[in-house]
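One line per chain: the protein sequences are A and B, in this order. Numbering-wise, the numbering used here puts 167 at position 167 of the first sequence, and it's gapless, one number per residue. Position in the second sequence counted from 1, then plus 296, gives you the numbering used here.
Calculated from the structure, these hints are not laboratory results. Among these hints, one or two may not hold up.
So, partial list: chain A residues that the calculated Cβ filter (under 10 Å) puts toward chain B [to be verified]:
{"hint": "1", "residue": "F6"}
{"hint": "2", "residue": "M42"}
{"hint": "3", "residue": "V50"}
{"hint": "4", "residue": "L60"}
{"hint": "5", "residue": "R83"}
{"hint": "6", "residue": "G92"}
{"hint": "7", "residue": "I93"}
{"hint": "8", "residue": "L97"}
{"hint": "9", "residue": "S100"}
Derived pair list, reagent style DSS-like, types lysine-lysine, alpha-carbon separation capped at 25 Å [as the list claims (entries may be wrong)]:
{"hint": "10", "chain 1": "A", "residue 1": "K5", "chain 2": "B", "residue 2": "K436"}
{"hint": "11", "chain 1": "A", "residue 1": "K38", "chain 2": "B", "residue 2": "K411"}
{"hint": "12", "chain 1": "A", "residue 1": "K258", "chain 2": "A", "residue 2": "K277"}
{"hint": "13", "chain 1": "A", "residue 1": "K64", "chain 2": "B", "residue 2": "K411"}
{"hint": "14", "chain 1": "A", "residue 1": "K64", "chain 2": "B", "residue 2": "K381"}
{"hint": "15", "chain 1": "A", "residue 1": "K5", "chain 2": "B", "residue 2": "K444"}
{"hint": "16", "chain 1": "B", "residue 1": "K422", "chain 2": "B", "residue 2": "K458"}
{"hint": "17", "chain 1": "A", "residue 1": "K38", "chain 2": "B", "residue 2": "K440"}
{"hint": "18", "chain 1": "A", "residue 1": "K5", "chain 2": "B", "residue 2": "K440"}
{"hint": "19", "chain 1": "B", "residue 1": "K313", "chain 2": "B", "residue 2": "K343"}
{"hint": "20", "chain 1": "B", "residue 1": "K313", "chain 2": "A", "residue 2": "K64"}
{"hint": "21", "chain 1": "A", "residue 1": "K294", "chain 2": "A", "residue 2": "K280"}
{"hint": "22", "chain 1": "A", "residue 1": "K5", "chain 2": "B", "residue 2": "K433"}
{"hint": "23", "chain 1": "A", "residue 1": "K38", "chain 2": "B", "residue 2": "K381"}
{"hint": "24", "chain 1": "A", "residue 1": "K5", "chain 2": "B", "residue 2": "K422"}
{"hint": "25", "chain 1": "A", "residue 1": "K258", "chain 2": "A", "residue 2": "K280"}
{"hint": "26", "chain 1": "B", "residue 1": "K343", "chain 2": "A", "residue 2": "K64"}
Label pairs and their in silico Cβ distance ranges [claimed, not checked]:
{"hint": "27", "chain 1": "A", "residue 1": "T58", "chain 2": "B", "residue 2": "E379", "range": "20 to 30 Å"}
{"hint": "28", "chain 1": "B", "residue 1": "K440", "chain 2": "A", "residue 2": "F123", "range": "25 to 35 Å"}
{"hint": "29", "chain 1": "B", "residue 1": "E321", "chain 2": "A", "residue 2": "R83", "range": "42 to 52 Å"}
{"hint": "30", "chain 1": "B", "residue 1": "R354", "chain 2": "A", "residue 2": "R19", "range": "34 to 44 Å"}
Idealized CB from N, CA, C, for every residue including glycine.
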Amino acid sequence: MMPSKFDRILEDCLSRMDRGESLLDILAVYPDLADTIKPLLMVAMLSRAVPQPVPGYTALRVGKNQLLAEMASVQAEGGFLERKPVAPPREGIVDRLARSLKQLRPAYRFAMLSLVVILAGGFFTFSASASGLADNIMQTLFFSFEQVGDLLLVKPSPPKPMGDNPIFSSDYVLPDSPDYSGDFKGSAVVGGEIDQGREDLSRLETRQHTFSGKPAEEADPVNMIIDDEGRDGIDGKDLMKEEKDEEKAAKDEEKILKEEEKEEEKAAKEEQKEEEKAAKDEEKYKDKKEKKDKDK
Amino acid sequence: MDINEKALLYRAQTGDKAAAETLYERYYLDIFTYLFYRVSDKSTAEKFSAEVFVRMIRRLPQFTNNKITFLAWLYEIARDLVEEKHPAYQPELITPDMLGSDYDPKKQSANSCFKLAIRHLNNQEKSIIVHRFVEGKSVKDLVKITNKSERAIQSLQHQALKSLQIALERETAL
């Protein structure tokens, strides 16, 4: 048997002995080890039966007096620690608020409590809306701003009216009405790509708005952006700039290509000319040789 | 260490006499019993016990309870004192006055044998036997006092009982 296992068994037997179990009962639990355990338990029992030594009363008193005398000498030397004054418990924010509330007049107190209730209500409404629209951060923010505005009783500024100007531009917000009819010129950007086939549409229909009317040729072109979910927005000027830039870049590329072609043609022509010259020189040289041979 | 003992220690460390007296009364018997079985002499044990508490007062401001318990610290002082004053202590034969005031003549032979046999044990075994069986402390208490693991204590206890058994057999044979 492993010594550690035997140690644990011995400890178990000693604990049982402490609980008042008889020696025979304890040995019956471990019959295989009874011969080994028994003498050890007997020694333990004998040790427990030994009376504890009792110190004399005089010795106790003398010892205490010696201790007190030593304390006095250490105290005189300044060897003990200095007792730190106990700091009063710090007042928390809640306690301070409660104290200041108590000092207020009842009317002000009521007003303060109402304000706290309103703010707490607003917070919980905001968190509820945020959890409801967890996927869209912009929507959540929009709702939260709206609710804060409502809480503060400040109406948001009304959108700029479309007026008589039928052209959509980024300066204008979308009309409140989902349907709009008038003159316009635009194109649709669906899923991030410009749908060229829908440029200058007489009718632009999205999930949120419907624009119908005649396309105005003189009007500046404005683009309707329709995202993958079918929601719309206007980003005319920027998109037009991008388009123009792309066109310019394409034209520049064409110019560069043409110039390169011209240079290649020139180089080819020069090579031909040089070859022709070399051929002529050779012919001349041959003719001269033939003439000299004939003369000889 | 409970809060009361911590407060008591702090008070004693700052020079509170009442707190120091309480500590003395609380731990005197433990120290005396330990010393009695180390030196096997009542009057020497009493003298050493008083000295342990005098040393305790001197060292008390430096005591921090991060490493060991207060009682374990007192035992350390007592052990150092015995080793310092009695480096090769060889007790004489046990006499009745060494066995305490509640000495029972009927149990004389068993007690005498025990007191004689325990002298043959080494200091570690002696401490284990005294703390665990004479004073009746648990293994968990011994873990705190000796700063050893529970398994190590169990092993030491086994070894100490075995040594005492051999020593007792030798004493009774004599």
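Each hint, compared with the structure:
| no. | hint | verdict |
| --- | --- | --- |
| 1 | F6 | 7 Å, holds |
| 2 | M42 | 8 Å, holds |
| 3 | V50 | 5 Å, holds |
| 4 | L60 | 7 Å, holds |
| 5 | R83 | 4 Å, holds |
| 6 | G92 | 23 Å, violated |
| 7 | I93 | 28 Å, violated |
| 8 | L97 | 32 Å, violated |
| 9 | S100 | 35 Å, violated |
| 10 | K5(A) x K436(B) | 18 Å, holds |
| 11 | K38(A) x K411(B) | 21 Å, holds |
| 12 | K258(A) x K277(A) | 29 Å, violated |
| 13 | K64(A) x K411(B) | 28 Å, violated |
| 14 | K64(A) x K381(B) | 21 Å, holds |
| 15 | K5(A) x K444(B) | 18 Å, holds |
| 16 | K422(B) x K458(B) | 12 Å, holds |
| 17 | K38(A) x K440(B) | 28 Å, violated |
| 18 | K5(A) x K440(B) | 22 Å, holds |
| 19 | K313(B) x K343(B) | 21 Å, holds |
| 20 | K313(B) x K64(A) | 11 Å, holds |
| 21 | K294(A) x K280(A) | 21 Å, holds |
| 22 | K5(A) x K433(B) | 22 Å, holds |
| 23 | K38(A) x K381(B) | 38 Å, violated |
| 24 | K5(A) x K422(B) | 23 Å, holds |
| 25 | K258(A) x K280(A) | 33 Å, violated |
| 26 | K343(B) x K64(A) | 12 Å, holds |
| 27 | T58(A) x E379(B): 20 to 30 Å | 27 Å, holds |
| 28 | K440(B) x F123(A): 25 to 35 Å | 52 Å, violated |
| 29 | E321(B) x R83(A): 42 to 52 Å | 22 Å, violated |
| 30 | R354(B) x R19(A): 34 to 44 Å | 42 Å, holds |
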